[in-house]
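Produce the complete structure using the sequences and hints provided.
There are 2 protein chains.
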Amino acid sequence: MPESPSPSPRGRKRPNPLVGHNIIIENVTPQVDDGRFPVKRVQGGEVGVEADIFKEGHEVLGAAVLFRAVADPAEEWQRAPMRALRNDRWRGAFSLARNADYEFTIEAWVEEFATWQRDTLRKRDASQGIASELVAGEALLLRLAGGGHKGRRGAGPADAAMDEAKLLAEETAAWARRQPPLSAPVRAATVWPVISDRRRAEYGAWYEMFPRSQGPNPTRSATWAECEARLPEIAAMGFDVVYLPPIHPIGRTHRKGRNNSLVAQPGDPGSPYAIGGPEGGHDAIEPGLGTLADFDRFAAAVQAQGMELALDFAAHCSPDHPWVRQHPEWFYHRPDGTIQYAENPPKRYEDIFPLNFYCADWQGLWEALEGVIEFWYAHGVKIVRVDNPHTKPFAFWEWLIHRVRRRHPDAIFLAEAFTRPKVMQYLAKLGFTQSYTYFTWRNTKQELTEYVTELSAPPLHDFFRPNFFVNTPDILSPVLQRGGRPAFLQRLVLAATLAPNYGIYNGFELVENRAIPGTEEYADSEKYQFKTWDWDRPGNIKDMIGRVNEIRRMHPALHRLDNLRFLPAYNDEILFYAKQEGSDLLFIAVNLDPFQPQAADVEVPLEAFGIGEKEEFEIEDLLGGYRGRWRGRRQWVRVDPAQIPAQIFAVRRG
Amino acid sequence: MPESPSPSPRGRKRPNPLVGHNIIIENVTPQVDDGRFPVKRVQGGEVGVEADIFKEGHEVLGAAVLFRAVADPAEEWQRAPMRALRNDRWRGAFSLARNADYEFTIEAWVEEFATWQRDTLRKRDASQGIASELVAGEALLLRLAGGGHKGRRGAGPADAAMDEAKLLAEETAAWARRQPPLSAPVRAATVWPVISDRRRAEYGAWYEMFPRSQGPNPTRSATWAECEARLPEIAAMGFDVVYLPPIHPIGRTHRKGRNNSLVAQPGDPGSPYAIGGPEGGHDAIEPGLGTLADFDRFAAAVQAQGMELALDFAAHCSPDHPWVRQHPEWFYHRPDGTIQYAENPPKRYEDIFPLNFYCADWQGLWEALEGVIEFWYAHGVKIVRVDNPHTKPFAFWEWLIHRVRRRHPDAIFLAEAFTRPKVMQYLAKLGFTQSYTYFTWRNTKQELTEYVTELSAPPLHDFFRPNFFVNTPDILSPVLQRGGRPAFLQRLVLAATLAPNYGIYNGFELVENRAIPGTEEYADSEKYQFKTWDWDRPGNIKDMIGRVNEIRRMHPALHRLDNLRFLPAYNDEILFYAKQEGSDLLFIAVNLDPFQPQAADVEVPLEAFGIGEKEEFEIEDLLGGYRGRWRGRRQWVRVDPAQIPAQIFAVRRG
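Chains G and S supply the protein sequences, listed in that same order. Under our numbering, the final residue of the first sequence carries the number 1141; numbering is consecutive throughout. Under our numbering, the final residue of the second sequence carries the number 1141; numbering is consecutive throughout.
None of these hints come from the bench; they were simulated from the model. Yeah, the Cβ is synthetic: ideal placement off N, Cα and C, and Gly gets one too. Errors might be hidden in some of the hints.
Unchecked claim - Computed beta-carbon distance windows for the label pairs:
id, chain 1, residue 1, chain 2, residue 2, range
1, G, E1090, S, E1037, 50 to 60 Å
2, S, R609, G, A1010, 26 to 36 Å
3, S, H636, G, L749, 33 to 43 Å
4, S, R609, G, A567, 51 to 61 Å
5, S, R1052, G, L749, 21 to 31 Å
6, S, N574, G, E1090, 31 to 41 Å
7, G, R745, S, W564, 55 to 65 Å
8, G, R745, S, G1099, 33 to 43 Å
9, G, D783, S, H636, 47 to 57 Å
In structure tokens:
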């Protein structure tokens, strides 16, 4: 044998590379970037784990999912069995009992007795002698009874004398499978994290309330008490979350005037995003709204109405924010020593100073911002809507959200990052519970189908939870500007039935559609002025919103995203889709044309829902009240926007 | 601010998590399991690297691929620039100059001067004052001239006084881009490996020669000299590799007789896979063939004919192998102390003892097997065809191939693993250069299209190199048994034009198709008996094989797999596809029906090949000689298996 030019493995005393590595576990799902980021699920749900598991040769394998809630000190692993599907694919599942961080890994091992029994049965069936095999089988059983690789002796069938029949019995194999295997299991090298959020993370209807516009007096801010007066109506519409833009003191310097003009007139309140004034910063309340005690009363009232409060978190300051004087080092400085205002050239936001997350005192700044979250959490705010996270470092968000969630697993962070897809997705990966989306700009059947299909399946569905807002203070989309009431109803039904999380911004229920021409900005936006609304003005769609939210509550099929299935409709103006959860099955048809009735032949893939080709089933349009009976794959729908531009058919069988 | 229940980051003296981590580099291609295994490419080729690269905010980024051949001591990284495509996707490329292992990673950084210049130009264009910006820009240039983050001072435009025009000039930005950036680049956390094989790994025609059947005397083994006499004919057919099944002494114990009978008759030579006898083991030559010196002469003759030799490596032993006496601990033992023969119950292979790769002396066994590879490498055998690797531990192959390739980067390993897909793929991942495939069992248009499409694109194409054998000593597929000469020609053209690596086993050129009924085994297989062939027997297809191999050599489009494109043909019996490499463009039509002529309208996606809708171009059938002119997308082909069951159209334009 020739000399080896490299050191002999014997000389280097290499460990046997087979130990712990002779079974391959790969292609594990669910995972995000192979465990770099957690998969998102909710409490009470189940995590179905799949993997390719295989070994050289033909031995019978066993496998299990090991899972645990992440705790300090570490909990013991719990085990869920995996079973072989086909093509070396295995599956197991575990339940998320808690609102906590979880992790899982996989173990696999050789079932030596099952392998022996299978092979021996084949030999016996081929009339081959098996005397020697029986001796070997008995020896295997004895080793299993001795505790396998764990060496802890248990009691078992090998304690008694074994004959051929008993050695080859299925019950003996079953006993053997319950013992620790003879060789230590191979454990996957990775531990995959899973976030078990509370259920509100996955399902909820949001109402964005601009607090200073909730009252009756157009010359001043509404008060918390006046905001509170509106809550019964919002609750009656069926909303789960009341979200408020910033409620903090507003800066004076470079305050914006009406319709975003550069100079404010006396009495103009300024944009609430210009956070911080003489009265305080991110932990203070704009005096026009009231005091912190007033806020606490309002927050309690929200809770009393069965809803939950969400606050805005905009990590920047007005020039009058206390931090500007206390911590000038937290800001950017121009060559002349002045502090740099926010800009996206040539756009300038002179009423806002961005924070320098890279400054020398980054720790002080980051902790101060964490303190803001903690402050409002202590006042009952567990849901944080984050303004423009894509202009702050990714590492900050990962640090912040991880730290907050370690203390408060029920905290929910919604990312308002209207930016490039990969940046939006990365923010979701590193911790944001939910994300705003491009929904407002997806209008055609093709746009909606492609976009929502992408959102409802892995990889995105494992980490990115969309929240479909139909409008925001910054987005009055063209279809709403042009399409009138039918467009509002159409977009409402799309958002509320395509996505389990959706939201409206106040004014939507009033079909408010006056824009600054050529923009998506509201005319006379309440972002820059005091305003009042007639909450009962003619043409409002509050009843329909309430009806849609009621349907959402009644139908578990609308509580998840990944059960969505777009179905063929032979008219580009009709979007037709199904949602199913157990026996709850909905077919939804939306007319995307706000101006005229549209009809379409539609295809119902009966087999996908376990419906027979000849089976007749009842459908009821939960919006319009129509009841009928369907049979067969091909059906016909007609949707008239002058009535209701959508139909939500509940299926009743048998 | 509330107290934090967990230790303050300041208290723990955390490093600033932004340093080195504020640019995200992800979704890098090419990669196999994110760098756990190497991507396979060949020397002289190029590795196109893509990645998603992004950062918070809107700064201008720069990026580069860092690459190097793996050497000891480590070479310096070389750099190839990356450029932004769209949607935050970046691309760069580097060339593989050597037959070696390579690795690459990615760096990205902020182009601070380019960012400044872009923003300042926008402000100037909006007629905003830029006096303060110019001061900042000059300061940036000075820092760049000072060597950026590297601090090594160079000479540059900032040495001279800068006016507005010069600061905003494109040439100044270009100079700035060539300097080390002001902040240290962010480097990806992973180093991705690439194997740069020699070109034979990717492209070659193999001829499997059963050496003892090459001579004129049916009562004894052919000799190496008689094998040598056949080489000119094999070279004339255009083959690149001559592959031999095991050439070692054959065991006596339980020797197999003709047609795999359990008892050999006197004079029966036994299966060459029963390796090892009194004359020696894996490093000895079966005496009937000749001596090691004879083998060396044969090997030199193969090389002189412009071909290369490949040997079989079957890691098991006959009961008479010297290792059985020298190292009984390397084998499996039954309860009665005898050594366990190979079996796959109820099948038994009593002439073969499997090796126990898990035995206590695993190191000794593994090194002995490594020694076998080294021994034959020293005798000029750089290509190893591995028998049944899927019945030996994965860790052994990874260890063996990695060690051999470190010494001999030109070594090539072909895996003969006819087993489950994931096992085959894993063997390729962990080091096998090429793999046998399911090609022999893919016959219909749908089967071929699906299978070869999967093979020709990532993920498989990055690590799994198919070698399409049309037959083997164990596989005489049903289509060959039934389809006669047309089937042989059809399968030849499919293998030779779909895959850059393909092979035939001797007898194929003679249209040998006599099987043991109901099996894929050859009748009177030379695996179990002495045999002679009339190498010029009537009906042979040697000319056509020579023609196909000549076409392969002339056409670089046939030297790669990933340039394959299946095209529509409106007849399920016509497979129509294109291969393109630069200006070399082939359209290939194969009649899958060996019994009758078939015709089809076919679609040529002109735009994919840069051909105008109205452009007329010449086509020449390189097999049948037909010349014609095509214009437009829709063409018509007719293929008559009584003539030649395939057409290979070369396109000539202009």
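Per the hint of 31 to 41 Å, is the separation of the Cβ atoms of N574/S and E1090/G within bounds? 33 Å, holds
Range hint compliance [Cβ, D783/G to H636/S, 47 to 57 Å]: 50 Å, holds
Within 51 to 61 Å or not, the Cβ separation of R609/S and A567/G? Between R609/S and A567/G, where Cβ atoms are some 57 Å apart, the hint holds.
Measuring from beta carbon to beta carbon, are R1052/S and L749/G in 21 to 31 Å? The hinted range 21 to 31 Å is violated for R1052/S and L749/G, with Cβ atoms some 58 Å apart.
Distance restraint hint 26 to 36 Å, applied to the beta-carbon atoms of R609/S and A1010/G: Since the Cβ atoms of R609/S and A1010/G sit about 28 Å apart, the hinted range of 26 to 36 Å holds.
Take a look at whether the Cβ-Cβ distance between R745/G and G1099/S falls inside 33 to 43 Å. 59 Å, violated
Measuring from beta carbon to beta carbon, are H636/S and L749/G in 33 to 43 Å? 39 Å, holds
CB-CB spacing for E1037/S and E1090/G relative to the 50 to 60 Å hint: About 53 Å separates the Cβ atoms of E1090/G and E1037/S, which means 50 to 60 Å holds.
Within 55 to 65 Å: is that where the Cβ-Cβ distance between R745/G and W564/S falls? 58 Å, holds
Checked against the numbered hints given earlier, the structure breaks hints 5, 8 and satisfies all the rest.
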